[in-house]
Structures are given as structure tokens and as C-alpha cells.
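Asker: Here is how the chains run, residue by residue.
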Amino acid sequence: MTALTDRLYRGPRRTDAQPLARATENKAAQSPTLSLFVLVATVGVLAYTLFLFNPDNRGDWLPYSLVIVAEVVLVSQALVSMWTILAGGQDPRGFTFHHAQERLFDGGLADRRGLGGSPERWPMFIGEKQIAVDVFITVYGEDLAKIRQTTMAALALRGEHTTWILDDGRSDDVRDLAAELGANYVRRLSGNGAKAGNVNHALTLAKGEYFAIFDADFVPKPDFLYETVPFFIDDDVAFVQTPQAYGNMNNLVSRGAGFMQSVFYRFIQPGRNRFNAAFCVGTNVVFRRSAIEDIGGMNTDSKSEDVWTSLELHERGWRSIYIPVTLAVGDAPETIEDYTKQQMRWASGGFEILMQRNPLSPRTRLSLDQRLQYTVTATHYFAGITPFLLLMVPPMEIYFDLHPVDLTVTPLTWFLFYAGFYGLQMLLAFHTMGSFRIETLVLATVSFPIYIAALLNVFSGREQKWHVTGGSGRRSSPFNFMIPQVMVFTFLLLTSFVAISKDIGHQNLTLATAWNVTNTVLIGVFIAAAFRESHRAKAAARRARKRSAAPRAPQAPIERAARPAETPRTTTPALEPQLAFSTRRALRSTDLRTDRSRPAPASELTTLNDLSEGRIA
Amino acid sequence: MTWINRLKLLSGLLVVLVTVAAATIILNQRESQVASSSASIQALSYSIGSDYPGTVVEQTVKQGDEVVQGQPLMTIQSPALTQALSSTTISVPTSTAYAVTDDGMLSLLATESGVISKVDAGVGGFVAAGQALATIDRGEGMFVSAEFRLEPYNFARVAKGARVELILPDHSRVEGEVTDIRVSTVDGQADADLTIASSELVMGGAGGLIASGTPVTAILHLTEEGPLAGIKSAFLEFLEQIGV
Numbered sequence: 001m002t003a004l005t006d007r008l009y010r011g012p013r014r015t016d017a018q019p020l021a022r023a024t025e026n027k028a029a030q031s032p033t034l035s036l037f038v039l040v041a042t043v044g045v046l047a048y049t050l051f052l053f054n055p056d057n058r059g060d061w062l063p064y065s066l067v068i069v070a071e072v073v074l075v076s077q078a079l080v081s082m083w084t085i086l087a088g089g090q091d092p093r094g095f096t097f098h099h100a101q102e103r104l105f106d107g108g109l110a111d112r113r114g115l116g117g118s119p120e121r122w123p124m125f126i127g128e129k130q131i132a133v134d135v136f137i138t139v140y141g142e143d144l145a146k147i148r149q150t151t152m153a154a155l156a157l158r159g160e161h162t163t164w165i166l167d168d169g170r171s172d173d174v175r176d177l178a179a180e181l182g183a184n185y186v187r188r189l190s191g192n193g194a195k196a197g198n199v200n201h202a203l204t205l206a207k208g209e210y211f212a213i214f215d216a217d218f219v220p221k222p223d224f225l226y227e228t229v230p231f232f233i234d235d236d237v238a239f240v241q242t243p244q245a246y247g248n249m250n251n252l253v254s255r256g257a258g259f260m261q262s263v264f265y266r267f268i269q270p271g272r273n274r275f276n277a278a279f280c281v282g283t284n285v286v287f288r289r290s291a292i293e294d295i296g297g298m299n300t301d302s303k304s305e306d307v308w309t310s311l312e313l314h315e316r317g318w319r320s321i322y323i324p325v326t327l328a329v330g331d332a333p334e335t336i337e338d339y340t341k342q343q344m345r346w347a348s349g350g351f352e353i354l355m356q357r358n359p360l361s362p363r364t365r366l367s368l369d370q371r372l373q374y375t376v377t378a379t380h381y382f383a384g385i386t387p388f389l390l391l392m393v394p395p396m397e398i399y400f401d402l403h404p405v406d407l408t409v410t411p412l413t414w415f416l417f418y419a420g421f422y423g424l425q426m427l428l429a430f431h432t433m434g435s436f437r438i439e440t441l442v443l444a445t446v447s448f449p450i451y452i453a454a455l456l457n458v459f460s461g462r463e464q465k466w467h468v469t470g471g472s473g474r475r476s477s478p479f480n481f482m483i484p485q486v487m488v489f490t491f492l493l494l495t496s497f498v499a500i501s502k503d504i505g506h507q508n509l510t511l512a513t514a515w516n517v518t519n520t521v522l523i524g525v526f527i528a529a530a531f532r533e534s535h536r537a538k539a540a541a542r543r544a545r546k547r548s549a550a551p552r553a554p555q556a557p558i559e560r561a562a563r564p565a566e567t568p569r570t571t572t573p574a575l576e577p578q579l580a581f582s583t584r585r586a587l588r589s590t591d592l593r594t595d596r597s598r599p600a601p602a603s604e605l606t607t608l609n610d611l612s613e614g615r616i617a
Numbered sequence: 001m002t003w004i005n006r007l008k009l010l011s012g013l014l015v016v017l018v019t020v021a022a023a024t025i026i027l028n029q030r031e032s033q034v035a036s037s038s039a040s041i042q043a044l045s046y047s048i049g050s051d052y053p054g055t056v057v058e059q060t061v062k063q064g065d066e067v068v069q070g071q072p073l074m075t076i077q078s079p080a081l082t083q084a085l086s087s088t089t090i091s092v093p094t095s096t097a098y099a100v101t102d103d104g105m106l107s108l109l110a111t112e113s114g115v116i117s118k119v120d121a122g123v124g125g126f127v128a129a130g131q132a133l134a135t136i137d138r139g140e141g142m143f144v145s146a147e148f149r150l151e152p153y154n155f156a157r158v159a160k161g162a163r164v165e166l167i168l169p170d171h172s173r174v175e176g177e178v179t180d181i182r183v184s185t186v187d188g189q190a191d192a193d194l195t196i197a198s199s200e201l202v203m204g205g206a207g208g209l210i211a212s213g214t215p216v217t218a219i220l221h222l223t224e225e226g227p228l229a230g231i232k233s234a235f236l237e238f239l240e241q242i243g244v
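Going line by line, the protein sequences match chains A and B.
Residue 191 in this note's numbering sits at position 191 of the first sequence, and the numbers go up by one each step.
Residue 174 in this note's numbering sits at position 174 of the second sequence, and the numbers go up by one each step.
One chain only, chain A, in its complex shape (with noise of 0.2 Å):
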């Protein structure tokens, strides 16, 4: 790093004649040529559209109707999402911001102090005020290298602050961690709330006036402080998110999860950050302890916490800062079953927002801003359950000739209006991300039955109950989390074979054909991602048991205890990080399962079992 904070700053403040380079900011957000691809994208959605919705093309209603609710809910889902982007070319920061930055650190006070050399215990002021600032990291039995990883980052953070490990895993190895690295522990007997509920209870041990929150498996940056606590010179703001980024893009899940994220995070949250609606996402974040205080702290009513919790602040009329500078590396879901999880979690936050607070009706107390862009967040999902309407237009074709659009419309303007709209798009994601991933497609065609699973649940109040381990202790089969995707695999297999003897007979290649066939491959790329799976975790717990048998110190006997359902530690390092994960999300929806209904009352937060002798003041 070679910023501008390397060197310490002394003399009498002034305007600062270099700016800091921003490299990390996605420039394409910014470019006027995006704009055009946007305009253009819009006369094509627009384009096809209305060669939908002309009568003269309507084809047989079942699956016209099935293809217009798809498309109506895609189409409005993605000219909101260009909109959104379009909104996104402007830097939060303004004078107030710089100025705020350039007087955080005062070197003449390290200088005496003698801090030169450890600029993590620099001294950080806001508005001339020293302030206080908490790091808190947030660990459910992840693996410990991951933790001590996080941990080390976190302490060598920039500026002064009181590093805590939250451990809900109750792991005396954490603990042990945590006093060899000289982080402050804190443990709590009860798991209420969850991750929301440790953060809560946190509070109540930790005094300063600002907090930052990461998961154990997100490394911060040593500039996380420097970037975002300058934003709260002005007072209104609540948090300051960053934007998730991940390392460990090595596998189609992970790959298509971080890039569909990616999208996210680079282009519709600083839309958002327009809107005042960007919202929280758990990790990478640093809260006003106020704002949090004057909604009565994190939420923990939800599973989707972050979400649940940033839109009581903007009700509140707190603002809210999004910054696209990966500031935190972390890992996206890398098997299925976390995948599944993180979307069934992010789909019933998005869904219970519909149910239990519209963001259009009267009574939830927004700005039209906010109205908007929560809508778009809880109807977003909606746009996760089309592939499957759309999926079964081809057999519908095949079996009963029932075709969506008149026959006499020509394939080739069939195409070229549906070019139209996804080739644009398909443009657009060129030009703004650099590629355009097929793994992102195969994820958004067969992640429909978590999206369905998810509004069912909200509608109904149920809660995802997951038949997983055998009770053997063994890892458990990513088909556990794919029965519904499966099936439909199966289902458009067989339908590909019965219209491709169909089109021999007929000895003409349909439309309906070549669909269905593509279809099918999408699915069994995934498929095929599943077994790949299911062979390393069968591979990894091969080895693992060879490796127990043979006479040798029990490895890590703790973390076993602090995850009875896990292989024993010996898997591959490839593989541990996942699995920690994994676990960790499956605890916590059990915790809420418990007290999904009753907050935690206050006696039981500040119940602490066990805080170390840190450098508590």
C-alpha cells in the first residue's frame, strides 16, 4: 500500500494536492458508453415486449400466459435493474468525506505517543472528537486457520480499535486463539438470535461508538477503517457497507454465486446508494452504535437479518453508505447445500418484506426512493422462479402441440426479438463485468426450486427443514439439497428423447426441440457439477478415514466436539472452509428455529460466560 496514510501526517492541516487513487472502484459504472448500452438494452426489451403482447402472436394461451408472466416479471425486473445501474455513476463521497479522511489519523499526537510504527493503534478522530471504534468478528465453528486469519487482519486494521471474536461455536480453540493473537473473547451460553443476537449481545460488553462487523471468513483490508469511518462526520448515516469479494471462485458453484454477486455488489447496491436504499449485508460493515441503539438493536426476528435491520434504520430516517471498494475478501458458497442455503435465506428475506412489510403500503414509513428499491428487493426473487414457467414451454410444445406464439411467426423473428432482449443483455454483462459466465446462467436456471421452496415457506410461516445427515456423521450428498432439480432433469431428458424421435419422424428440427435440448444440457452441467461434488467429499472422507486409522495423535479433538455432524479435520485444505461454513449456516437456522418468536430478552445477552483479559479500557 502506498497511500497517502503511509505517511503520517504533521503540520497544519491542509487540502490534500493528491487525490488517492481509487483502483479498486469499477470504472464501467461511471462511463457514458454504459448509458448508451443501457438505452439501447431498453429498446430491446421494450422491442420484445411489445411483440409479445401483440394479439396477432398470441399462440395458445396456456403457455402464452406462462411465457408473459415470465417475461413481464423479467422485463420489469431488468429495465429497474438498468435503471438502478444508471443510477449508480456517482461517488458518494463528497467534500465533507475528504475532509473527514485527510483528519482522521493526527500524526503529531502518534508522533508523541511513539505509534509510528504501529498504525493500527493510531488515534481516529471525527470531527475533532477522538473516537472509539469496535471490530467485531462473528465465528460459528469455522476452520480455525480461516479465524486466525480473519483475526490477524482485523487487528492490524488502520486506526485504533478493540477487536472482539464473538464465538457462538464455543470453542475453547477460539478462545485460545484468541489470547495468543490478543483479541478480546467473548462467549455466551444461549444461541438466541443468532448471528444478529451475538452482535447484540456483543454490545453490551463493547462501548465504542462505532462497530465493524465481519464473518470469520472474510479478511478485511488494512484501509477498511480509513475508507468508511470517515463517513460519519455527516450524522445521519447508520453503517457503511463494503462489498462482499471473493477468492475462492474455483468451482462452478462458486464461480456462478460470486459472479451473479459481483453484479450486485458493483452496480446495483451504489444504484441503490442513490436511492438510500443500499442495504446492509451482514459482514463488511461498520454501524453507528446510535443508529442501532434507536431501533433497539440488530434485528434477530429473521433470518435475513441484515436486510431486516437496515430497512427499520432507513424507516428511522438513518442514511445509508455503499462504497464498491473491496475492502474484505472472503469465500462465496463453494458446495451446493451452501448455496442453497445462503439463496433459501436471501429469497425468505426478500419474500417475508413482501408479506410482513410491504414497502409500498402507507404504514411503512419510506421515502419513494426507498419504496421503489425495497420493492425491487422483495419481489426480486419472483424473477428467480421464471426459468421454471419458461422450462416447461417446450414440453408443452412437444407433447401437446401447444405452441406460445402464433405459428405463423417465423422462428428467425422469434429470435431476433428474444435477441433483442437477452443478447443486449447478455451485451450488457459483457460490457460491464468483462465476461459473461455461463456458470451465472446454469445457477439462475436451476436454482427455481429454492425460490419456490422459499415463498411457501414465508407464505405458509413454515420454516426449510433439511433431512441431511444420516445420523452416521457423515458429509452429506449435495443431492440432498437437488431432489425437486432432479427430477426435472429427468423429466426434460426423457422429454429430448421423445421429441427428437418426434422430429426424425416428422424429419424436421423444431424450435421446441433445440429449447428443451439446451435446457436439458443447462440442468446436467449441474448435475454433473453435483456428482463432481459428491466424488471429492467421498474422496476427501476416503482419506480422512485412512488417515485416522493409522496410529497417530487424534487431530483437533475440540472442534470435533464443536461440530458433531463433520468429517473428522483431516480433510483437504481445498475443503475445510466449506465445510466450516456449511455447518456454521446449518446451526444457525436450527437456533432460529427455537426462538424465531422471542427475542432475547436483555438479562440473557449480557450473560457472559467467558471474556478474556484483554485490553479492555
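Simulated from the structure, these hints should not be mistaken for lab results.
Each hint should be verified, as a subset may be incorrect.
What the hints assert, rightly or not - Dumping the calculated DSBU-like pairs for lysine-lysine here, alpha-carbon to alpha-carbon at most 35 Å:
1. 8/B with 538/A
2. 129/A with 207/A
3. 160/B with 118/B
4. 62/B with 8/B
5. 546/A with 118/B
Quick caveat, the model's predicted, so the values are computed rather than measured.
Since the structure of chain A is provided, determine the placement of chain B on it from the hints.
Answerer: Just chain B now, with coordinates in the frame of chain A:
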């Protein structure tokens, strides 16, 4: 996978299989039959005429009357016939179509049993030789003439003797079979004109609906071919075997 999930997956796959099988049977059903673009019942009809010109003096039947073979239809007084009878050089042939009397009266007879569908001359009218005076629709041997617009690949699957279902306007069904095929090609499609015979097509049947000109829908069953051909018959055989 856990056992409960394996069970779920297995029953799910079973549901998928049954769905695909059912949908394939429906597809085969639809693939193996074609509906007519237009079809109507037709009857073989016979025109009644006279060899001798003259004046109609008596008409014993009117349109819609049922007649039996040999029944007199109308009487014509013909000077030409009188002349021929009195001539020694010209002889009057005997015919099953008419009977003559010596005073030059000619009685036209029904040559076939059936229904008078048309009467062209009235009492007092003058008729020329060879003019059609009445039409008899034969009561038996009615047939359906149906037009089908077929894809070329389907035309190969139309065979003489193929089964045809005829749906009458009251939705009752009559079985028939193809007796004649004529075809012309329009816009790359085969316009097939089929003649369909059925023993059940008897004049006045089905509450009077079976009559010449009644519109019907003809469902032509095509010969089965291709890899999916056996599925339906195998399924039906299976149903029969288990006694459904």
C-alpha cells in the same frame, strides 16, 4: 444421501416417468390421427330421365318420398312415343326404367330403392328427351367424402382400409374405413380427398342425421411408425392383460 431423501427422489422420479409416459401416449394418439378440414355424408344418386319428349301428366312422388325399385314416379304423354309405337320401322325398346302403354303414355319407374332427392318437372311441364326429371339417392351404400390437409410425412401414412372415426353433428361416432384416396398438393401440403365407407351409414339412421349432405368430422387414423409407435399399443395390451 439420507434414506428419506432417497425415497423422496425415487418416488419423484416415478412420478416423472408416469407423467412422461402419459404425455407420450397423448402425443402418439394425436400423432396417429388427423381431423378432416371438411367432410360430409354423400349418397350414390341416380338421375331419372325419359327417352321420349312429352308432357308430364301425372306425378306420383314428391321430393323426400321413399321409393322402392319399380315404383312409378311420373307419367309422360309423348306424341313421339305414340308415333314410334304405330310405326313399323321403329321399335320401342323395353326397359326397367319405364313402362309404356299403347296409347303413348310413358311411366317412369324407380331404378333403385331410395329417396327422391330432387324432382325437376311438374305436371303440365314439357320435357325433352334425355332431360333429368328426378334424382333418387340410394338408401344403402352411403359414403363420406372428406378433405384432409396433411403434412407430406403424414401422407405416406394414409392407407386404403385405414380406420376412420366419423363424428356426427350430435357427437355420436360411426366407424368407417378409407376406400379411395385422391391427392393434390397445395402450398407444400397434401390436400387429400378421401372416400370413406361404413356399413352404419344407412339413410335416415342416427335419428335422421345420416342423410346426404350432413356435415361430419372425420378422424383419420394413420399407420403407426417410428420409435414411439409401439408404446401405446404396448400400454393398451398391458391394460387388457391386467383386466382393466
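Asker: Each hint needs a verdict: does it hold in this structure or not?
Answerer: Here is how each hint holds up against the structure:
| no. | hint | result |
| --- | --- | --- |
| 1 | 8/B with 538/A | holds (22 Å) |
| 2 | 129/A with 207/A | holds (16 Å) |
| 3 | 160/B with 118/B | holds (33 Å) |
| 4 | 62/B with 8/B | violated (76 Å) |
| 5 | 546/A with 118/B | violated (100 Å) |
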